[in-house]
Amino acid sequence: VDTLNTALKFIDALKACNINSDMFPPELQESMSNPVTGLLDLEKDRALRLSLRLFFLTINGAENQYDISRNAILEYDPSINVLTLDQCKATIQRLTGIIPIVTDMCPDSCMAFSAFFDECDKCLECGKDRYIDRIDSKGQLVRVAAQQLYTIPICSYLQALHSS
Numbered sequence: 001v002d003t004l005n006t007a008l009k010f011i012d013a014l015k016a017c018n019i020n021s022d023m024f025p026p027e028l029q030e031s032m033s034n035p036v037t038g039l040l041d042l043e044k045d046r047a048l049r050l051s052l053r054l055f056f057l058t059i060n061g062a063e064n065q066y067d068i069s070r071n072a073i074l075e076y077d078p079s080i081n082v083l084t085l086d087q088c089k090a091t092i093q094r095l096t097g098i099i100p101i102v103t104d105m106c107p108d109s110c111m112a113f114s115a116f117f118d119e120c121d122k123c124l125e126c127g128k129d130r131y132i133d134r135i136d137s138k139g140q141l142v143r144v145a146a147q148q149l150y151t152i153p154i155c156s157y158l159q160a161l162h163s164s
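Residue numbers (the working numbering): 1 to 164.
Warning: the hint list may mix true and false statements.
Below, a list of computed lysine to any residue pairs in the SDA-like style, where the Cα atoms sit at most 20 Å apart [what the hints assert, rightly or not]:
| # | residue 1 | residue 2 |
| --- | --- | --- |
| 1 | Lys44 | Lys9 |
| 2 | Lys15 | Ile154 |
| 3 | Lys9 | Asp118 |
| 4 | Lys122 | Lys138 |
| 5 | Lys89 | Pro35 |
| 6 | Lys44 | Glu125 |
| 7 | Lys89 | Leu42 |
| 8 | Lys122 | Leu95 |
| 9 | Lys89 | Pro100 |
| 10 | Lys9 | Asn81 |
| 11 | Lys15 | Ile132 |
| 12 | Lys122 | Gln140 |
| 13 | Lys9 | Leu83 |
| 14 | Lys122 | Ser137 |
| 15 | Lys9 | Lys89 |
| 16 | Lys89 | Leu141 |
| 17 | Lys128 | Cys155 |
| 18 | Lys122 | Leu42 |
| 19 | Lys128 | Lys138 |
| 20 | Lys44 | Thr6 |
| 21 | Lys9 | Gln29 |
Using C-beta positions, here's what the derived DEER-type ranges look like [unchecked claim]:
| # | residue 1 | residue 2 | range |
| --- | --- | --- | --- |
| 22 | Asp133 | Asn64 | 17 to 27 Å |
| 23 | Leu8 | Thr151 | 41 to 51 Å |
| 24 | Thr3 | Asn60 | 34 to 44 Å |
Hints are computed from structural coordinates only; laboratory data are not their basis.
We treat Cβ as the ideally placed atom computed from N, Cα and C, and that holds for glycine.
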């Protein structure tokens with residue numbers, strides 16, 4: 001009976017969902033309402049082109065690989081405006097209109113902490129913690145999601161394909 005009630009709640013939530021839902025980040029709402037309409041000319045902004053190349057070269061590695069490479073470039077020539085990793089990600093999202101919906105999930109992939117499960121601190125299936133404690137770059141203890149699910153909405157992807 002609990003499983004059936006949960007399924008019915010999800011069905012109702014899907015029926016009520018729209019572009020202005022809290023589930024969609026504001027950047028995604030804006031992107032879907034005002035899609036990218038043209039191609040980017042990277043010949044004009046060589047620093048942006050360098051940042052994007054660096055990002056795609058290090059995309060499968062640790063995040064600090066980007067930072068190490070960026071710092072080496074800036075040490076060689078401080079006048080080059082190489083974007084930080086966060087700036088680069090934000091620029092890619094802005095240029096493509098592809099903005100993921102990021103949802104915390106169980107480390108064992110039992111469930112996502114979304115909809116009416118977004119207040120849970122433990123997985124309802126296996127009991128594992130939603131959050132883990134980590135030390136950030138400043139030496140501070142921070143609480144972060146143990147695992148996250150990235151969903152790329154199909155509408156953003158199709159808009160990006162259509163713009164090229």
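Going back to the hint list, which numbers does this structure go against?
1, 4, 6, 8, 10, 11, 12, 13, 14, 15, 16, 17, 18, 19, 20, 21, 23
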